[in-house]
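Whole structure, please, built from the sequences with the hints as guidance.
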Amino acid sequence: MGPTDHPAKAPADEPAGRAQPLGLAPVLRGLLRAPLAWLLVALPLAVVLDWCDVGQLWVFLASALAIVPLAGLMGRSTEYLAETMGAAIGGLMNATFGNAAELIIALVALSKGPSMYPLVKASITGSIIGNILLVLGLAILLGGLRHRRQVFNATAAGMGATLLALATIGLIMPTLYYYLFRGGAAARGDQLHSLESLSEEIAGILAFIYVLSLVFSLKTHRHLFAGTESETEASHGPLWSRSASVTVLLLATAGVAWMSELLVGSVEHAAEAMGMNRVFVGVIVVAVIGNAAEHSTAVLMAMKNKMDLAVHIAIGSGLQIALFVAPVLVFASLVLGHGQLLDLHFTPLEMITLFLSVVILGMVCQDGQSHWMEGVLLLGVYVILALAFYHLPEVAATARDC
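For the sequence shown, position 253 matches number 253 in the numbering used here, and the numbering has no gaps at all.
Please note: incorrect hints may appear among the correct ones.
[To be verified] Think about it this way: if two alpha-carbon atoms lie no more than 20 Å apart in a straight line, the pair counts; the simulated EDC-like pairs of lysine to aspartate or glutamate are:
1) LYS219 / GLU79
2) LYS112 / ASP367
3) LYS112 / GLU272
4) LYS112 / ASP50
5) LYS112 / GLU261
Hint data in this document are derived by calculation from the structure and do not stem from the laboratory.
Next up, the structure:
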């Protein structure tokens, strides 16, 4: 997106054909009228509940509700800020910070120490599975009910599915290594050291592939994603000014970090009170919380028959988790993890469900068109997997098999 031909009428960083960017005051007024704005009342409520020591379950629920609109504000402000930075830098910003809310929640959990590692790892797999089954399933179902047949860029979707398959291989290998080559108590120390080294190496490879995928989609083969880009531009309302975007982004980020602290601090008591194991909370509850605003955007775009954008949101978000967020968390644990690396050893159930999710995603995306029944299939798989995680024994959710 280049500057307008009439610099006297519009700022140099404003895309052509767009209205004058909105300042902070009109932006805030517009945000207060947004559909999810009423959930912001949960932010002070969570603080009061925590201060009054009413009960950790209520703190968990209030902080979870508060994160939903805050995560949406982070995503929206990032998009508008990216539009003022030019096509290349803007695309990089969207690709890097698209899942910032999930990353913040996971980093806060990392800082609490190794006892929270199962939750962190479960949130990784849960976000990937949730995006490619729940988000895409809802988008295809509701979009298909309004529009009999919808089409999307099969090349871009297929490339995303292939990258997810590669990421799945990388995430599965440490778990496969652990169960294939586990030894007795004497060999356990060496095995765990090798597992951590393997996790670091795979994290580095995934991050490198992510960088190359950005070069591919934003530079060398940008034309393959043209449908997604044009729909993205058409979906936005009036552009925000750069100062308004930065202000909203900083405020929303601070809010997410604050609520994440309360969420993580209360998650164990809340899970026990609700009768849920920690893996289920990470895979289903935390993943849905961090992605809720993005879920609604994908569904709304599908209902407007902008299926390219809906598919791009769902698959792209899953890719960011697998290729960017997961490696960042592995390396961040070297600083935040109290001396213990976050390895990529997941429960077998997580790896099986991740593999099956990617397989069915490839089947749905291969023809470049969708109908509501495919959405039902994706949602059906998600519900089945969620039930499996719900019934996962706590010992299997938290302990390694020796």
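So, going through the hints one by one against the coordinates:
no. : hint            : in the structure
1   : LYS219 / GLU79  : holds (19 Å)
2   : LYS112 / ASP367 : violated (45 Å)
3   : LYS112 / GLU272 : holds (18 Å)
4   : LYS112 / ASP50  : holds (18 Å)
5   : LYS112 / GLU261 : holds (10 Å)
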